[in-house]
Every structure is written in C-alpha cells, then in structure tokens.
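Asks: One-letter residues, chain by chain:
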Amino acid sequence: MKEAHHEAHEHHGAHKKTYKYGMVVDLDKCTGCGACMVACMAENNLPFRKDNSDRMRSQLWMRVYKISNGRPFPDTDICYIPRPCQHCEGSGHHHTPCVSVCPATATDYSHETGIVSQVYTRCFGCRYCMAACPYHVRVFNWWDPTWPKGMKKYLNPDVSVRMRGVVEKCSFCYHRYQRAKNKAYAEGRRELHEDEYQTACTQACPAGAITFGDLKNPEHKVHELKKSPYAFRLLEKLGTNPKVYYVSTRDWVRKAGEAYAGEEGKSVTHA
Amino acid sequence: MSTIEEKEQAVSQDEQAAEHATVEATREPKKPGTWRFLIPLAAFALGFVSHFSLGWVILPPILYAEKQQPIDFSHKIHQEAVDEGCESCHYFREDGSFSGIPKLENCAECHEEPMGEDPEEAKFIKEYVEPGKEIPWLIYGRQPQCVFFSHAAHVKMGELECIICHGPIGDSDHVRPYQYNRLTKYSRDIWGWNIAGLAKNGWDYLKQADDSGGTKIEHPARMKMDDCAECHMEKRGVHEACFVCHK
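Chains as they are written, first to last, in the working numbering: chain D, 1 to 271; chain Z, 1 to 247.
Straight-line C-alpha distance at most 25 Å; calculated PhoX-like pairs for lysine-lysine:
#1 Z/Lys-133 - D/Lys-153
#2 Z/Lys-126 - Z/Lys-103
#3 D/Lys-216 - D/Lys-237
#4 Z/Lys-67 - Z/Lys-103
#5 D/Lys-152 - Z/Lys-185
#6 Z/Lys-103 - D/Lys-152
#7 Z/Lys-185 - Z/Lys-67
#8 Z/Lys-103 - D/Lys-183
#9 Z/Lys-123 - Z/Lys-76
#10 D/Lys-152 - Z/Lys-133
#11 Z/Lys-156 - D/Lys-183
#12 D/Lys-66 - D/Lys-29
#13 Z/Lys-235 - Z/Lys-224
#14 Z/Lys-156 - Z/Lys-103
#15 D/Lys-255 - D/Lys-227
#16 Z/Lys-67 - Z/Lys-133
#17 Z/Lys-235 - D/Lys-183
#18 D/Lys-17 - Z/Lys-235
#19 D/Lys-153 - Z/Lys-103
#20 Z/Lys-185 - D/Lys-153
#21 D/Lys-20 - D/Lys-183
#22 Z/Lys-126 - Z/Lys-67
#23 D/Lys-17 - Z/Lys-156
These are computed hints drawn from the structure, not numbers from a lab.
For reference, chain Z alone in the conformation it holds in the complex:
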C-alpha cells in the first residue's frame, strides 16, 4: 500500500475532523499519525508566508530611505515655456558628452525675476537664484562610479527615447521622491525595483502604452546591470565585454 494513498486518506479524514481536531486528539490518543504530518506542512506555510512578507513588505522600507528633491520642478510647465523641447535643457556638448541636468545659469535666463505667483518659484528664487547657489538635484538614474554610460550611443545612434530608460519624467508635473538604498546609497532606480522579475522594464511599459494608445508608464524604469544587458542582448545580439559599460 502506497504512502500517498495513506496520506490522502489522512487528509480527507482530517478535513472532516478539522473543527474538532483538538477534541478528537484527546479522545483518540492511539492515532496520532492522522494529524501530526500537518506540523511540517504548517511550519512550511508559516515560514513561506513570513519570509515573503519579510522580503516584500517589511524589508524594503527598512532598506530604502527617501529624500525629497530640493525644488518641486514641473517638466510639464517648462515643456511649454521653452522653444526647443528637452534639448533646451538637456543637450549634447561638442565632445559628445551629455549636459545632464541644467545649471542654475540656464534657469536664470528666465527666472531673474519671478515669472508667476507660484510659491515654489518664489522659494527657488530666494534660496538659489539670488544667492547664486547651484541646486543639489538628486539623480534617479545615477550609476556607481565604476559604470560608463553614454547618452550619445543610445540617443544619437540607437535612437532610443528618454522614456524607455527614465520613465515618464519628461511629462511629469511634480518631482517624485528619491529613494535610495541605505547601505550602498545607490538610487533605487538602478537597484531595487525588480524583485524576482515582477516589475517590468521601461520598454515593456512603452509597448503596453502603444497598445492602449496613450502614455501609461507610471512605474519608474529600472537601470540595473541586468536591464542594460537584457536590452543589449535584444538589440545588439551580443553578450558584451565588461569593458563596455565599465571603466
């Protein structure tokens, strides 16, 4: 007789007896085997649930700290105010390097005097423009020091859109909080959104958005080594050498 049958029998018996389990157990001390096997099962389930909640619910807030950007900058408002779109502020220099986040000088072209009533603008002028102090922006996509990244390769040659890697920052009305790993100090955007492959890549969201005919990328994109490598495999068909992205 197979042990499986035995166990199945035991399970059905046990289901029937579930409500009276404790009573039965005391009444029939001779048949302990009918319920005892549940102990490891229950222990496993308990361990399973507690570890998942530890890893997915409890640990992330402990591991990641949050900071606010110094100024609540609206890309939407500025997109309308400038002439050349994103390139008015994020452009390539002659040597191929990328200007990144604009310097105060660039903002001051328009903000020497207040342009509106917005309290955020007043704060910006008082705290940064008047004393001539650079704004300490927090960069969501900042890579560790050992990584080399080239915007020219991706934007000029690869013709990739900003949204693929950065998510919808270019259309945003408010800056989102900057999250970083307390131990490594790395931004959560480059390390941390993807647990067990559940979160998707920026480009997956873009595909979804195309299907439903609107920009729906809400989730910050991921820029972990695996994400870079995944797209490189897809687009370039190569397993890159370390000294492509590292320096």
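Bound conformation, chain D alone:
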C-alpha cells in the first residue's frame, strides 16, 4: 500500500505543485463605481432584488464599502474598499475561521490553489461560518433565488445555483480556473498563464484597481505589488492570513483597514 502510494507520488509528481491565488487592490485607484459588484453578480448567478441597494437584504459576494476619515471640510476624505472573500490561509494556531467551525465540512481550504471552497449541497445552513468570518463575506440564502422572466437562460452553467437555506460566498471565480485547466489539458499543458485565470471583478474594473494572480509566482504581477510598503491586509492582527492585499498611500486608510483602535482622526497625515 505504502509503495503504491510512493509510486503514485513519483509518477504524478507534477500534481504536487501548489499555487496561492490572491488579489491586490489599489484603493487609491478605486472610484467606488461598483462595476466589480455587478460583474460578480452576473458571473456567479447571484439573484437581485428590486432595490439592491438595500444593504440588509442584498446578496453580494463582492461588496464595496465606503469609509471616511470623519474630518470636516476641507480635510474630508473618503475611500472605497471592494471586499471579496479574503481566502484566509491561517497561520500557526490560527485556522481559516470559517473552515474550522463548519460542522459539515461544507467548506475547505485547498492547499493546491489556496482557495476556500463552499459546497452548497453539503451546507445545511447553521451559519457558524458567518459568525466566525471577521470580514462578513458570507451570505445566507433566506429565499430560493428568483430571476425576472426569461433570465434563467442567461445563467452561467459553470456555476451552480444555490438554494434556500445555505450559505454562499466568493470563490475567486473558481470555475474559471477549472475551465482554464480544461483548455490547458486539451493542449497537453498543466501550467496556466497569468491571463488565463482572472476573476470577473478584476476584468470588470475600469480603473484597473484589482490585480489577481499567484502570490507565489514571481512572474505574476501580484507578487511584486503585495510587497509595496503601502500594502496591508484587513484586520491583520487577527492572524487569519488573508490572500487579499490592499494598497493605499493614505495613512488613515491603512489604519482603518487594520482596525487601529487609537484616535483615528489625530494621527492622520495627508498624502
């Protein structure tokens, strides 16, 4: 048995290669237009409501938050923060928060891609993961999804539609990875080029604020971008080790992102 195992490892050594897909979002470029949210909804079969600006009820995988430095004119400054699933890797004693609490193994962390999955048919809707997630990226389906007449035909066949009673979240458009791999296999390759796997929000952003790729691969743009001295991650002190990096030259934005507990207004410097 052990030998067979060993053989399998050697023979398919190529499979052992791992990736760490992640994102770098330049907050100084984001204009808050919301194109990423719309692209995400269309790509991932998210249902929408008549008034989707109703924050309590809208179902979003990518959500753009607006924050302000809270100072009076003329020092007022605002910043928009697009927030997909952070695909936390965890570190040391810290696990990916949602994965460690799920009683059904409906969500797992892939060590091959670094992507946190959500298998909707497995989820039974206890919502522990929603409580555990410090980023509020998970949403619960209180209703079965509905679409305007005729729109069902436009649903993306690569993404499964969720039913009432389950939790869902951003998958870094994992189905695009599957498709890209499929094409690569047909051409006899196992490796993907950077541009073959990109998320819908990345491609939709008119300002080019979002960059997506393999954080471990020096040939991918994110590899350098995440090293910027202005880069930070949301709530970094929690040790969740997220794979979404943000960049802003504005001090107060970085402090807000890290949930700095001091007097925010005072230490702000303006770039």
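Position chain Z relative to chain D; hints supplied.
Replies: Chain Z only, in chain D's frame:
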C-alpha cells in the same frame, strides 16, 4: 457453571426435540427455559432476513424508475460506418470542452436519406431528421449540477479509456434502459449500483477482462463521489479538496 455450557446443552437438547417441540412444551411445563431463548434468536433472524430482502429486493424497484432511450442506437453498426472511431462523434472542442453526445446535425450528414431497411432508422428519420428535432438522449453518467467533471483531464492527460468509467457502451448493439432515482432524479449509474461495496468499479471489471483476454464488462460502471475519490487516491495519491470536482 457457565451460562454458555448451559446454552449449548440447551441447543443440543432442542435439536433433538425440534420436531416435537410443541408437544414437549405442553408436556413439560416446568422447563420453559430450554426453548424460550430461541425467541430472540428467531426474531433476530427474521428481522435480518426481512430487512435484507427489503433493502435488496423490494426497495430498489420502488426507488428506481426506468425509461427507454428515444432511439435504439447501435454503437456497433456506427463504429464500422465512421472513419475516425469514437472521435467522429465524441470529440474535444478547441477550448478543451467535450462535445458529448452528437447533435442531430452530425447524424444528418449520413441520414438525410434512409441508408438501410432498419425500422429503427425509419423511425429516427421520420420523428427527428425530417422535423429537424434534436433527440432527447438520456445520459447515464450525468452528474448533479454541483459537480465539475473534465474529460480532457481524464482522457488527454490521464489517458484513461472510456470503458473504465462508462462500461461497454462503445461496443454495444442496443441501448440499455436508463434507470433513475425517483426521489432525486439522478441516474442510477452515479448513485445506486453499489450496495455495501458488492458491485465493483469499472476498472475492476477491466482488470478481470484483461486476465481472461476479452471484454467482459457487462455491468454498468459506477460514478459516485466515492468512486471518483477512490481512483483519485489510487492514481493521484491525494485526498482532493472539494473544489476539484465541485463548482
């Protein structure tokens, strides 16, 4: 004195007395213990047998319904009629996706006019080719919506033969009935052939066939999650993440 000895004694006594059991019982009302212990045993045996027959004989026909394919398509006849083997009809597109079951267009290349006398062909032409209607084939291997499957990975990279997963459909002369679960509507091929590990995998049958030097796969293959995972463990040596086969 151990109770086991007691019981053994009782058993042998009882075997001797089996035929006269009822008579003896009425004659010797003072020794009820010699046969009474059989009641739970008999109850257990009865329960055992009835539950097994319920699960293996009675329930499956209740649980699974059967449908016939719209046309009795013969792979054998067509294998001889086409030039490029299976790929004439089941091929890969440029983007790596698999064409699956051919469209009517593909059939019409040859069947614009009847090619033979076969009544099945006449029916096929009258009901589908002439009105230009696609044939609603039933797909034995169809997976639930949440599953991602890649033929390119298995056929191109893994170099697996079709028969390993699908069984001997490629050599068949007639289509077999399509069975599906009444509750879930899933095909029985992906869920239901394996009760308690008794049925084997497609690849086990292939090994048998190799040993005896002929294609002997008659049983439909299984394509349940466990079956996928079993082969992945064997061939890839990994316990895959959910987001390999799911989407």
